[in-house]
Amino acid sequence: MSVLKTQQDNRSILGFWIYIMTDCVLFASLFATYAVLHGNTNGGPTGQMLFNLPNVLIETIILLTSSLTVGLAMLAVHRKKREQALIWLGVTFVLGLAFLGIELREFGNLLYDGNSWTSSAFLSAFFTLVGTHGLHITIGLLWMGVMMTKLVTVGLTRANIRRLTMLSLFWHFLDIIWIFIFTIVYLMGGLGV
Amino acid sequence: MMRTPAPRLRTYLSGYVLSLVLTVAAYLLVTHPSYSTSLIVGLISALAVVQFLVQLVFFLHISAERKPRWKLMVFIFMVGIVLIIVVGSIWIMNNLNYRMTPQQINTYLNNQGGGF
Chain A
1 MSVLKTQQDN RSILGFWIYI MTDCVLFASL FATYAVLHGN TNGGPTGQML
51 FNLPNVLIET IILLTSSLTV GLAMLAVHRK KREQALIWLG VTFVLGLAFL
101 GIELREFGNL LYDGNSWTSS AFLSAFFTLV GTHGLHITIG LLWMGVMMTK
151 LVTVGLTRAN IRRLTMLSLF WHFLDIIWIF IFTIVYLMGG LGV
Chain B
1 MMRTPAPRLR TYLSGYVLSL VLTVAAYLLV THPSYSTSLI VGLISALAVV
51 QFLVQLVFFL HISAERKPRW KLMVFIFMVG IVLIIVVGSI WIMNNLNYRM
101 TPQQINTYLN NQGGGF
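Quick mapping for you: the protein sequence lines, in order, are chains A and B.
Residue numbers 1 to 193, in this note's numbering, belong to the letters of the first sequence in order.
Residue numbers 1 to 116, in this note's numbering, belong to the letters of the second sequence in order.
For the record, the hints were derived by calculation from the structure and aren't laboratory data.
Everything numeric in this text was worked out from a predicted model, so none of it was measured.
You can take every hint at face value.
Derived Cβ-Cβ restraints for the label pairs, each shown as a range:
id : chain 1 : residue 1 : chain 2 : residue 2 : range
1  : B       : 43        : A       : 49        : 19 to 27 Å
2  : B       : 110       : A       : 19        : 46 to 54 Å
3  : B       : 8         : A       : 116       : 43 to 51 Å
4  : A       : 132       : B       : 21        : 26 to 34 Å
5  : A       : 116       : B       : 95        : 30 to 38 Å
6  : A       : 138       : B       : 101       : 38 to 46 Å
7  : A       : 192       : B       : 9         : 39 to 47 Å
8  : B       : 33        : A       : 138       : 31 to 39 Å
9  : B       : 79        : A       : 132       : 15 to 23 Å
10 : A       : 135       : B       : 83        : 21 to 29 Å
11 : A       : 22        : B       : 111       : 37 to 45 Å
12 : A       : 159       : B       : 32        : 49 to 57 Å
13 : A       : 161       : B       : 9         : 13 to 21 Å
Over 10 Å on every C-beta distance to chain B, these chain A residues come out as not near it, computed from the model:
id : residue
14 : 90
15 : 132
16 : 156
Taking lysine to aspartate or glutamate and the EDC-like style, the derived pairs with C-alpha atoms no more than 20 Å apart in a straight line are:
id : chain 1 : residue 1 : chain 2 : residue 2
17 : B       : 67        : A       : 9
18 : A       : 150       : A       : 83
19 : A       : 5         : B       : 65
20 : A       : 80        : A       : 9
21 : A       : 150       : A       : 9
C-beta atoms are modelled at their ideal positions from N, C-alpha and C, and glycine is treated no differently.
So here's chain A without its partners, still in its complex pose (with noise of 0.2 Å):
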């Protein structure tokens, strides 16, 4: 591997962390929207009403155990064993699913009760929220689904390890951002603050 394309590699990759710290901006503007109008419930449930506590803590553990397994997939990387990484990203990728699949459940809940995002400003705010971490984790279960697809018919190379660092940052990141939304959203939220 010549020094310079690796030069290249790192300023690929450090072109995708300033991407993902913009993204980190426009999470903040979302904070600070749901931090403003989580009060207004404009008469309707509160959120310590509505959240199913020990539902979002296995979603956390969920969310927190497949960013330990994308870790497992890169140091399978980082020592050229293909078919090791295969399986930690598949790993993650059930895992990435199946926290999906609890969110689509408490979303549809909320809107079978008819709490829906025009309830209250509340309820905007909470579904922009949430609904914009779970969109990005869609973006990255098709991206882990893409890259899987690429190690078995292209296997490691240069440029798949390149994809597959940006792709772990890019999860770690969501994990941190949900610490964020379980603990504000959530956690004060059932406290009725």
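With chain A's structure known, arrange chain B on it following the hints.
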């Protein structure tokens, strides 16, 4: 010639265990409340920030970056912007909320030819 040294299994595992402990601790503080609400809010916020730092170091390996630390610099800039957006918004909106009563808003809107 990698800029960051290859991460190790132990790093990921310690990050995972620490994050798990911090998550469950915050959860138990809320489900078994034994302090005042404002103290619990302070504690779970502190736990979230600690977990944020844990994942930055153990999962994103931000401390393993070598000079020049561009990732760290972009990160610090981002934190600054995020704090301005979040703290600024909450401050301004609470201040508006504090200074205006619903009657004041209504009078204002009536003078403008509208109102509730």
